[in-house]
Amino acid sequence: MEAILALEDGRVWRGRAFGARAEVAGEVVFNTAMTGYQEILTDPSYCGQIVTMTYPLIGNYGATEEDVESRRVFVEGFVVREISRVTSNWRAQESLDDYLKRYGIPGISDIDTRSLVRHIRERGSMRGCLSTSSADEKVVIEKARQSPEMVGLDLASVVTCPKVYTWTDAQTSAYGSPALLHEKSAGERFHVVAYDFGLKHNSLRTLASLGCRVTVVPAHTSAEDVAAMKPDGIWLSNGPGDPEPLTEVIANLRRLLGRYPIFGICLGHQLMGLALGGRTYKLPFGHHGGNQPVKELATGRIEITAQNHGFAVDADSLPSDCEVTHINLNDNTVEGLRHRTLPVYSVQYHPEAGPGPHDAAHLFDRFTRMMDRHRQGDMA
Amino acid sequence: MPRRTDIHKILIVGSGPIVIGQACEFDYSGTQACKALRSEGFEIVLVNSNPATIMTDPEIADRTYVEPLTPASVRAIIERERPDALLPTVGGQTALNIAVALSEDGTLAEFGVELIGAKLDAIKVAEDRLLFKQAMEEISIAMPRSGYVRSMEEAEELIKEVGFPAIIRPSFTLGGTGGGIAYNSEEYEEIVNRALAASPNHTTLIEQSIIGWKEYELEVMRDLADNVVIICSIENFDPMGIHTGDSITVAPAQTLTDREYQTMRDAAIKIIRKVGVETGGSNIQFALDPSNGELMIIEMNPRVSRSSALASKATGFPIAKIAAKLAIGYTLDEIPNDITRKTPASFEPTIDYCVVKIPKWAFEKFPASDPTLGTQMKSVGEAMAIGRTFREAFQKGLRSLETRRSFRVPSDLDDTELRRRLIVPSAERVYFVMHALTRGYSIEELHALTKIDPWFLDNLMQIHERECEIGKETIETISRDRLREAKREGFSDQRLAELMDCKEDDVRRLRKEADISPVFKRVDTCGAEFESFTPYLYSTYEDEDEADSTDQKKVMILGSGPNRIGQGIEFDYCCCHASFALREEGFETIMVNCNPETVSTDYDTSDRLYFEPITFEDVMEIVERERPTGVIVQFGGQTPLNLAMKLFRAGVPIIGTSPEAIDLAEDRKRFGRLLEELQIPQPPNGFATSNEEAREEASRIGYPVLVRPSYVLGGRAMQIVYDEASLDNYMTHAVEASPEHPVLIDSFLESATEIDVDALSDGERTVIAGIQQHIEEAGIHSGDSSCVLPPYGIKQEHLDAMRRYTRELARALNVVGLMNIQFAISDDKVYVLEVNPRASRTVPFVSKATGVPLAKIASCLMVGRRLEEFNLPDELAVDRFYIKTPVFPFVKFQGVDPILGPEMRSTGEVMGIGEDFGGAFLKAQLGAGMKLPREGSVFLSVNDQDKRSVIELARQLHELGFSLVATRGTERLLASAGIPCGFVYKVNEGRPNITDLVKSRQVDLIINTPLGRVSFYDEREIRRAAMQYSVPCITTMTGATATIEALRAMREEEMSARSLQEYHARAAVK
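Line by line, the protein sequences give chains F and B. Per the numbering used here, the first sequence starts with residue 1, numbered consecutively. Per the numbering used here, the second sequence starts with residue 1, numbered consecutively.
These aren't lab readings, by the way, just hints derived from the structure by calculation. All figures in this text were calculated on a predicted structure; none of them were measured in a lab. Where a beta carbon is used, it is the ideal one built from N, C-alpha and C, also for glycine. Treat the hints with care, as some may be off.
Listed next, the in silico SDA-like pairs over lysine to any residue satisfying Cα-Cα at most 25 Å (straight line) [stated by the list, open to error]: (1) F:184 / B:296; (2) B:512 / F:14; (3) F:184 / B:143; (4) B:451 / F:299; (5) F:282 / B:342; (6) F:184 / B:140; (7) B:274 / F:14; (8) F:184 / B:294; (9) B:274 / F:182; (10) B:274 / F:64; (11) B:270 / F:182; (12) F:184 / B:135; (13) B:274 / F:92; (14) F:282 / B:531; (15) B:342 / F:1; (16) B:270 / F:180; (17) B:342 / F:118; (18) B:451 / F:95; (19) B:270 / F:136; (20) B:342 / F:316; (21) B:270 / F:369; (22) B:270 / F:300; (23) B:270 / F:118; (24) F:184 / B:867; (25) F:282 / B:340; (26) B:451 / F:118; (27) B:342 / F:325; (28) B:160 / B:143; (29) B:342 / F:101; (30) B:270 / F:181; (31) F:184 / B:531; (32) B:133 / F:180; (33) B:270 / F:95; (34) B:451 / F:64; (35) B:270 / F:366; (36) F:282 / B:344.
Here are the simulated distance ranges between beta carbons [claimed, not checked]: (37) F:123 / B:130: 39 to 49 Å; (38) B:871 / F:331: 46 to 56 Å; (39) F:123 / B:650: 31 to 41 Å; (40) B:548 / F:123: 39 to 49 Å.
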């Protein structure tokens, strides 16, 4: 069966349909990771986006419940050069095709994905429509144009959890468990409140493996409600969309600054930047992949990181009590910041990996050390 | 961190001659390292015994020593050059072993030379299995159960713990030489004995077999600031149990989830840190249990490797170049990525295509050897292909090997035999898998038999299904969509023609009519995330083309494809030189090749690189896209030459000697007439298209005759036949003669002297570049014979005759560029054996010896320059002795008689330079790994023909202080001549016999000339024992005479080493 992918500027690709039969629109982005498509599909940060994999052969190892990063598939549509017709992995439970069908997500294969990537790279990310139902290109292009612009879009409120819940599963016995990356923790040591702007389970698994009891709260939970939970620290998740419209969240964060150790990643990092008085802006086509080099300025140390973001914090906008701690070596954009006096730090990338390299896993240990120090300071 | 300023002069050690397991990839990495460090202002001293390398070009290093790669010889160079540092990580195992030897004997400390890249400790941990095992235990990385043994007794004890099947890996050997897999105690004993003998320190590892697990490799880089990145992951199509050099391999890994991949990545990072490789690249091999994801490390190479060359070509990330820069202090983020220019090298390449590497074997040259693939590498070359799907890359890879058409499933193949062929890995297994699909085997069955991952098998199944579909079509019925789909799957026009029973040209015509042509995409390290500034391209059937070809004047150079015996690095050398020269001449140069090991496929070598199979179809597509001003076919060996006529007829502007002249030289009849016209003698010859004709021709010509198929390379299936019975046998079993492919029959000139002449011509003037005399007598393939420049002991009139014939032939064939002629002098007469109007295997050797870059000049001649512009004499002079000596892979092929003959079997060569013949020959022998004794015992056994000359030989050996031992006949002969000589039994006469002496190391040198027509069993035993126990064994009288000169030189002279720059500077002053 045929499928069409059309961009708002009128460029069209025709390929084969896979996954569910549907018509979806969203911002078209590409991801350069060669493994981890299932984690990408279930990353809520991709809400509102149609994702193209630059690696052409996708689906080879199928899908397994163990590797999901959230409660469902969040990408709007999936674009690949070739989808494997067999599944070859001992953990696989179903094929990628069936998996996407189950979640109602359409895919298009057998298109020149590299031409799509180059198009986006040169003209910036843009809206697109993936249709397995319409054969009329004009109609599909029009639908792409009618979909919402990413700038100014609050998607965190869409993907956040509806109510508070507790997470304790470190997935300790699973293959490649995040617990393997950290010193074994002796029991439950900290209570962390996790703001869910579109979080990935691997972050929660990592916190749990470090001895944190995690209370996950919806994006719009007030500072007071959080304070009432008496957390040892607050963790701000990743998430989709533009951080700027989240004014209420930013205001809550301002109230929490200084009172608790705060660690933010991705959208959480952007929100932190805004809460500290900085600005954010949209990147031409964002960073999406598992090979982004990040340099820690204090040590010169380079981490290869997983990233997935379309917006970034403007370094020049930050007040003097904030410090840029990490930069991206490809384009020198801000990858991490900290407050000079308060126990607050954040990174633009994904230390929880899933998918991607584990080079930055230590940032979670830094968070527990910070909570430890803060607690001791409180006692003193 | 900035570049180090405390070191100034760096010694780089190359990898020596091309051998199985160590090929051009180290010329590629060494050349990159030299260039990278020189551009940083370091003075580079290079040592490599292989003259066919680009790295030994005098302009690559400041001081280039073409000297034996032995610790003693490198020590002498260190003493002379006093480098501050030694980079041991770009010259393969050879360089690493030399670095270890010079560290341990105190040389490096004595002269204050620092090891950079990898320190001694790190090398030892990585290389010494016991230390490595301990290190892995300390970081909790699993390894197969294993242990070290130094004797059979220890081995018997250990096997109780390890269990069968067990892998035996001798320590410190190349490509696992001497190792194997034992399934029972009988095999175990045999292999352990062999391994202990092969290992320089008589130690071997016995290891739990994890045959059938999935095998992976990661290419890892680390800098002095402890940043680590993974450049490439590679998944082996063939599971564990087959040496990775003999496996089809795929990049990136295809069947790993992110969790599995990251687990492996974490392990790799831990390992490189633990082993302590400070800077540069390492290759780490893993095995993964497909049933539960259990990961084990197999081994780590603390240096660049064949796989890192592959990874560099597969990703566009130049590992060796970056490794060299890291070794002198830079960190990864300080080095720019050449391809994107804007991003740094501190990232992990991501690729948006699939890369398949397929090895190429040469079992047909070693018929008695075991063709089973195992832990010891046996392939002689490899092709790499890039496609947007596995199937496309795989099919491009197969056609890059240039062998598919020659493979046929045996017609009597029954199911039992097919299953055996599927279970036992061999060079042809992949074809049998494809064949099994046509017999209805399921993926599950095939997986059970082969352990090849179902994902790969399904891809083969898809190819098979497509073949069935197309097989139902004809050229008239096939639809455009179906044709395009087939092209997207990687089917060649030729294959489609086979399937539809039509001509390749028909498919091509239909395809062009339907406007189905490939596009060219870029290899850019980043999956198109950043703009690429390097036109490194591959073809694929997609929509968007990124070739961005220019309208400059440009020359396209066709490379030589995968290495094979008879066509290897020498041709790549010529192709690179063409590119270098023509770039200087202001042309845009375009390289086409599919060999990932080479310098020619470095994106830095030419302005544009097309990583493509060298077939008519693939070349034509590039020609159509690029519209080159000229295409060069005479440098890439037989591969492009075979396409010359077809390309020419298709209107491709081939420059240099015309394809018609090339064809004339290959056409027996027309060429014979030309020689008659020119009155140049040729041995009586003829050709035959049937058995009867062959008999007639042979009896007309007179036995012995040399027989061979036409249009072959490296003396493939060439034999000397002494009588009709052997001729019948040859015609029946060795070749298939047909009117298109006649068998050539030449009179074999016994005990003739053979000479190779290389010459340059611009169509009018001819410059004789080198007259090289073969040291081995006639009947031994020119590629397998040592040769010496200048010739010695050849009459002036014969030299003059050869010069005259060369010039006449060059003019008659209107040669523009290079030509090579083989002469034989027999009964005081010069005969022409063969004319090749193209670059020959000896071009790099002659270039290094004369200091004149022949291939560069030839390229300039092809674009219209004249010889007079180069200020060359009519004949290039050399003012000392340069000897080229081949090296052989016999040790890899158990059961093969290591004897020389008309079929070429050497894989590489070294050059020895000396002020006299003996000194040069000695160096060449040392360079080739021959361990010539200073004293001790020499065993003599010669055929009747050589009996006369053996007396003089024995006398000289006796005078040099050697004791002699011989079997009955020779012993009596020597006794009657008054030369003391001991007696030893032949193999079947009694014990202890000669092989017992060899095995108990009581013989230090063997001179054994074979008995001509009949090969006796006991002779083979002697030679095999010699090979196994590394006792030098000389099989020709001329070789023996040369060896005695070398022995004398070893006694009498101090070996001197000079750099090429010094040699040629002195020559220039004269």
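* To do: Compare the distance between the alpha carbons of residue 270 (chain B) and residue 366 (chain F) with 25 Å, and conclude whether the hinted pair is satisfied.
  => 21 Å, holds
* Restraint check for residue 451 (chain B) with residue 95 (chain F), where alpha carbons must lie at most 25 Å apart -> Judged against 25 Å, a Cα distance of about 21 Å means the pair holds.
* Would you mind confirming whether the straight-line C-alpha gap from residue 342 (chain B) to residue 118 (chain F) stays at or under 25 Å? => 17 Å, holds
* Asked: Has the given pair, residue 282 (chain F) with residue 531 (chain B), been kept, meaning a C-alpha gap of at most 25 Å?
  -> 20 Å, holds
* Restraint check for residue 282 (chain F) with residue 342 (chain B), where alpha carbons must lie at most 25 Å apart -> 20 Å, holds
* If you draw a straight line from the CA of residue 274 (chain B) to the CA of residue 64 (chain F), is it 25 Å or shorter? -> Judged against 25 Å, a Cα distance of about 33 Å means the pair is violated.
* Asked: Are residue 274 (chain B) and residue 14 (chain F) close enough, with their CA atoms no more than 25 Å apart?
  -> With a Cα-Cα distance of about 50 Å, the restraint between residue 274 (chain B) and residue 14 (chain F) is violated, given a limit of 25 Å.
* Taking only the CA atoms, is the gap from residue 270 (chain B) to residue 369 (chain F) under or equal to 25 Å? -> With Cα atoms ~24 Å apart, residue 270 (chain B) and residue 369 (chain F) stay inside 25 Å; holds.
* Below or equal to 25 Å on CA atoms is what counts here, so check residue 282 (chain F) against residue 340 (chain B). => Given that 25 Å is the threshold and the Cα spacing comes to 23 Å, the pair holds.
* Asked: Taking 25 Å as the top limit, are the C-alpha atoms of residue 270 (chain B) and residue 136 (chain F) close enough?
  -> Violated. Residue 270 (chain B) to residue 136 (chain F) sits at ~54 Å, over the 25 Å cutoff.
* Asked: Given the proposed pairing of residue 160 (chain B) with residue 143 (chain B), does the C-alpha separation stay at or below 25 Å?
  -> 18 Å, holds
* Please work out if residue 184 (chain F) and residue 531 (chain B) have their alpha carbons no farther apart than 25 Å. => 44 Å, violated
Figure legend: structure checked against the earlier numbered hints; hints not met, in rising order: 4, 7, 10, 13, 15, 19, 23, 24, 26, 29, 31, 33, 37, 40.
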